[in-house]
Amino acid sequence: MADEEQTPAQEDSLFEAPPMGEQERMVEAILFASAEPVSVAELAARMPHGSDPAEALVHLRKRYEGRGVRVMKVGDAWAIRTAPDLGFLMHKETVETRKLSRAAIETLAIIAYHQPATRAEIEDIRGVSVSRGTIDQLLELEWIRFGRRRMTPGRPVTFVVTQAFLDHFGLESARDLPGLKELRAAGLLDNRPPPGAGLAGAEDEDEDLDEADGQPELFEE
Amino acid sequence: MADEEQTPAQEDSLFEAPPMGEQERMVEAILFASAEPVSVAELAARMPHGSDPAEALVHLRKRYEGRGVRVMKVGDAWAIRTAPDLGFLMHKETVETRKLSRAAIETLAIIAYHQPATRAEIEDIRGVSVSRGTIDQLLELEWIRFGRRRMTPGRPVTFVVTQAFLDHFGLESARDLPGLKELRAAGLLDNRPPPGAGLAGAEDEDEDLDEADGQPELFEE
Amino acid sequence: MAEQQDEFQADALSVSERLAAEALIVDVDGYEGPLDLLLTMARTQKVDLRKVSVLGLAEQYLGFVEKARHLRIELAADYLVMAAWLAFLKSRLLLPPDPADEGPSGEDLAAHLAFQLERLQAMRDAAARLMARDQLGRDFFVRGIPENVARTRRVSYSATLMDLMQAYARLRTRDEFRPFVLDRDAVMTMEEALDRLRGLIGHAGDWTDLVSYLPAGWEIDPARRRSATAANFAATLQLAKEGDLEIRQGDTFAPIQIRKKIHG
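Protein chains in written order, with this note's numbering: chain A, 34 to 254; chain B, 34 to 254; chain C, 1027 to 1290.
Keep in mind that the hints were calculated from the coordinates and are not lab data. A virtual CB, placed ideally from N, CA and C, is assigned to each residue, including glycine. Hints may be right or wrong, so weigh each one.
DEER-style ranges, computed between Cβ atoms [claimed, not checked]: (1) C:Ala1113 / B:His124: 35 to 45 Å; (2) C:Ser1184 / B:Asp169: 17 to 27 Å; (3) C:Gly1056 / A:Met53: 47 to 57 Å; (4) A:Gly83 / B:Ala74: 39 to 49 Å; (5) C:Glu1133 / B:Ser162: 24 to 34 Å; (6) C:Ile1273 / A:Ser134: 44 to 54 Å.
One chain only, chain A, in its complex shape:
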């Protein structure tokens, strides 16, 4: 990858300044990577001694004429910006992302691991009631959907995760979610045994988990 023969960086003026084409490349890279517009003085400070960033900027600016981005003066500094006629392309970029609430992420996790799960089951595991807004939010995000009704008294609806959920979390199927043992191995679970667990080792707990799921299609051996 590294271009040995291009090794630059002559601080002292014993060496000639790099050719203008190289200087142009340097200005291009600096403007691209900087988080703020860069002044000519700062360009000069960062480039090899004897460089002429002002002239390089003239060339670079010309090079970008009519392109999808252009080299613009912002105050007395320079930056690369989208060509104004292409601003319409930037629309998708505007999504504001927020973190899911703890209630929502826990509810989602329970549905993912225990699906199909009823509201009562979710509340049982979380130990608190699940607000309507939480479920609605997950439905709206299309990360969960209604599954089949449970054939128990009251015929409660169940929730399952969606393809969009799998896509978002980079999973090929809900089966690929790591089990308790793997969570523990990854350091996500405390290794403390539950009080009074006695001889019941980690293996047993994992089996408990599998059994509690009652979901042969998800956690079958």
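Given chain A's structure and the hints, the job is docking chains B and C onto it.
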């Protein structure tokens, strides 16, 4: 822009797709605006109907050859990155990254070269158990993610490398890992069971084949 | 293994090799386990890993373990397991094959060990080459001013797989400490006991052992018996306080007896 007549045929649009020169500008603007790699599908979704971002990318990539920034393929997405030989100009931009332990680096390499790889396989190759937190750290960096479970007893989870991994190391795909072909030719990437392990090995290999099929973006020929 | 033979072997080693071997022992914490150590030893043979002498390697390793014993250095168990295995391998390699023996041949085992060493070395080299590549944020860089310009605001909620797994792990660990779902049928609340006792004490005019008031079936399972006993005892205290019940206990640890209080 003499490409006018090359405009691809539209199936159902009332409008013609923009000329290729314009499409190239659009791709340029979108890639410049995004810090993350952008997939061809997303480019197509954001550009006017009937556009062919894949072709525009070919032109754009050529245009930036030898410049201060370059158009890079990252998995099935594209990004603009500064030319590596100019890294010395960027000290200001350098982010101090957490130093990875030797164990973490080796684990990462094993996952990259053997993917999808299970924890047991990593441990078999390194000859020691994978310490708590090593996998965790790589997951947190988003350099690895969970792949499909292996269809072997215990159905262990597997790990694969991510687009962020490819982006970080400037790789177009996992196939471009340095020395991959030679290692494969030397048989060093085979999952060779120890002698006397019985016939169990044969079935495993079949499964591995299936796994590889499931990840065309990484290892297809 | 004869001590004498071992000494002889040690003498056969050159001074520098011996120093190297001793350095290995002192440094054993620096190795990531037996395979790592074996790989280091294999490199001292200064040949292509493919041509490494596994027999020589086994002897070198066993010599190393022996020397550690002399120097009273405690080696971790996995080093000793490897030593035992290598001793077995050595005997397989040296003795003529027994036709009645079914297991894999010494050559097969040796070839696999050589493969493991070569593979580990290959992965180390690969890791080094990977890390030597130009890296994002060090050698090449992303756009410094990503333009997220447009003003159409749409809120999207994000969560990572780590968030999801951590949330689940949190819930599951809490479960381990407070398995309320399972507990429920082994728990009797004081209210329940109070309700039951109120109905029952009317029938018993004479002193009765508190234990006999436990609901049927609850005295068998220890967890249920404990819960029901505690709830019943608390309930009797409550009833005594209300003046409906008398309690007595003949001696420390003697059975607790209750009877309905005769009013008036």
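Here's how the hints hold up against the structure:
no.: 1; hint: C:Ala1113 / B:His124: 35 to 45 Å; in the structure: violated (56 Å)
no.: 2; hint: C:Ser1184 / B:Asp169: 17 to 27 Å; in the structure: holds (20 Å)
no.: 3; hint: C:Gly1056 / A:Met53: 47 to 57 Å; in the structure: holds (52 Å)
no.: 4; hint: A:Gly83 / B:Ala74: 39 to 49 Å; in the structure: holds (47 Å)
no.: 5; hint: C:Glu1133 / B:Ser162: 24 to 34 Å; in the structure: holds (29 Å)
no.: 6; hint: C:Ile1273 / A:Ser134: 44 to 54 Å; in the structure: holds (51 Å)
Of the hints listed earlier, the one the structure fails to meet is number 1.
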